[in-house]
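K.L.:
Using the sequences and the hints given, assemble the complete structure.
Residue numbers (my numbering), protein chains in the order written: chain C, 1 to 157; chain Y, 158 to 646.
Bear in mind the hints are in silico, worked out from the structure with no lab data behind them.
Hints should not be assumed to be uniformly reliable.
[Claimed, not checked] Here are some, though not all, of the chain Y residues that point toward chain C, as calculated from beta-carbon distances under 7 Å:
1) Ile159
2) Ala165
3) Tyr169
4) Leu174
5) Glu208
6) Phe210
7) Val367
8) Gln369
9) His370
10) Leu591
11) Leu592
The C-beta atom is built at its ideal place from N, Cα and C for all residues, glycine as well.
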Amino acid sequence: MAILYVRAAPTTDLNRNTEWFTYPGVWSTYILILFFSWLMVLSVFACSPGMAWTVVHLSHFFVTYQFFHWKKGTPFAEDQGIYNRLTWWEQIDSGQQLTRNRKFLTVVPIVLYLIASHTTDYQHPMLFFNTVAVFVLVVAKFPHMHKVRIFGINADQ
Amino acid sequence: MIIPYLTALTTYFSYGLLFAFGQLRDFFRKSVDWWSASTLQGYAPICLGLEDFYIRRLYLRIQDCFNRPISSPPDAWFDVVERVSNDNNKTLKRTTKVNRCLNLGSYNYLGFAAADEYCTPRVIECLKKYTPSTCSTRVDGGTTILHTEMEECVANFVGKPAAIVFGMGYVTNSAILPVLIGKGGLIISDSLNHNSIVNGARGSGATVRVFQHNTPSHLESVLREQIADGQPRTHRPWKKIIVVVEGIYSMEGELCKLPEIVSICKKYKAFVYLDEAHSIGAVGKSGRGVCELLGVDTADVDIMMGTFTKSFGSSGGYIAGSKELIQYLKYTCPAHLYATSISAPAAQQIISSIKVVLGEDGSSRGAQKLARIRENSNFFRSELQKMGFEVLGDNDSPVMPIMLYNPAKIPAFSRECLKRNVAVVTVAFPATPLLLARARICISASHSREDLLKALEVISTVGDMVGVKYFPAEPNKQQVEVGQVKKVD
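P.N.:
Written out as structure tokens, the structure reads:
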């Protein structure tokens, strides 16, 4: 039986909250989790594939917005709070914009949106919710939105 | 390091699941707490809810694998106190039962951790003569003749003109770096350096840059880029540049590529700071550390730091360098001026153990110990690799991490080994990257061949049960060949 091996090169990223994203296998895991959650939604709710994709897309929106763009800081105290003002999206790749990881993470919600709207045949009201979700996510990932807090939402005191 | 692809995927998935469950529990805890009244109205919370998420939801679940109390000296066999928990590992209580276990976790490289026939009588005599504590700093009343003798002894052993000794190894790094370099200087440190160096570098106020672990070419490119750029914003030349590396990296078991790094630093006129915490006394023909092993002249390394906790069975750390450097440190370093000096029995243990290693006690026990630790490490490492474990570290290094990766395998490996009376240290986040969890084995010169064989048997059984034999087990297997991603039959 053939075993596939990959080499994990050590990174120079000192932020333990984001350096796990530089190791091999993350992108595949992400895509596989989305795919398996679609299968789970289909089996639990017994709905049409389009509705299942819409459900996956919207829950993906809520989860990634909460953890990438809302929660700030790191889940451990060893770094003494130097990242407490930055969301996870602003922390990855040490704040460099337009790296491969960031481009991948921007493309995933767009592809999910295309799949969701195609399989629901672009009907309302799913199309509206899907479009709002992908719009918010993609705008949040723009390079110009780095450290921007609109109307002071989610800003610090 | 080389990971099977499926293991990488399952590790990410497991951490994702643990994270999701932790968030769910936090959500319910927050809702329940919102209803109950709090007696601390108006006070700011001690820590933000997000900050201790890892501790509360991941670390506490397996906390019986860490911080195990022992009740005997950490020799090759020692007593591990059993603990019980009534609330699912949130709190642990000690019982009175002890297990006699094989010690594969202590940094006992030369076997000085337990009573030694040359060192211990001298230490006890010294304890009676000088009492346990000097009750003073070095500059006030804390320098005894033992301290001066010890510093000379250490300087001779390491191969430098002078040395200065502090009471604690961690403090040596974190109090010396701020003294050596300040604002306007540059510290370039290896990405896997110990927390004490990171702390000292942050506290110094100098700019800190990191180079890829043990990659001299990346060090060169970082040096070139930084020298060309100069200080941030003003672009003036740097006041000084210090490159900080370790002799043996405690989590990888790898030796530093010292000859290349020293030649690069000479070319670009940067200082070299070598932290030999794990390598002094443990590697090299006469135990003088990584410089002797790799053939680097000690005059090329500007500042040599080390600790006595690992190979010498004592406590404390030293800095060895030129006479001017040590003289300067003696009147600026806060650990020398304000911290209590190293206790006299500990100093005597250092002197006696160095004498044993050099053979000055009249026997050849030092040379025997060095030969034994080298034999033991090489034997153990090759046997583990033959069984199919992924073991890191170079030959001759007494530290060997066995890769576990999956978060569930960490407690499984640890608990199963403890059931079979082998105590191993498993290391997870934050000492290692999140996904590269490992079980770290430290070989000692006091392990006999039977101890090692028993350990191999237990680790093999547990490894089969837990599923950490990631490589095919062949008797004459060479290193697995991997490019980017390749199939291996």
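K.L.:
It remains to establish, for every hint, whether it holds in the given structure.
P.N.:
Outcome of the hint check:
Proximity of Y:Ile159 to chain C holds as hinted, the smallest CB-CB distance being about 5 Å (cut-off 7 Å). Among the interface hints, the one on Y:Ala165 holds; its C-beta lies about 3 Å from the nearest C-beta in chain C, closer than the 7 Å criterion. Taken as an interface hint, Y:Tyr169 checks out: its beta carbon lies about 4 Å from the nearest beta carbon of chain C, inside 7 Å. Because the closest C-beta pair between Y:Leu174 and chain C is about 10 Å apart, greater than 7 Å, the hint is violated.
A cut of 7 Å between beta carbons decides the hint on Y:Glu208: the least distance to chain C is about 5 Å, and the hint holds. For Y:Phe210, the suggested interface contact is upheld, since its CB lies about 4 Å from the closest CB of chain C, less than 7 Å. With its C-beta approaching chain C no nearer than about 5 Å, Y:Val367 sits inside the 7 Å limit, and its interface hint holds. Annotation: interface hint on Y:Gln369 holds; nearest CB of chain C at approximately 6 Å, less than 7 Å.
A cut of 7 Å between beta carbons decides the hint on Y:His370: the least distance to chain C is about 4 Å, and the hint holds. Taken as an interface hint, Y:Leu591 checks out: its beta carbon lies about 4 Å from the nearest beta carbon of chain C, inside 7 Å. The interface hint given for Y:Leu592 is met, as the beta carbon of that residue sits about 6 Å from the closest beta carbon of chain C, less than 7 Å.
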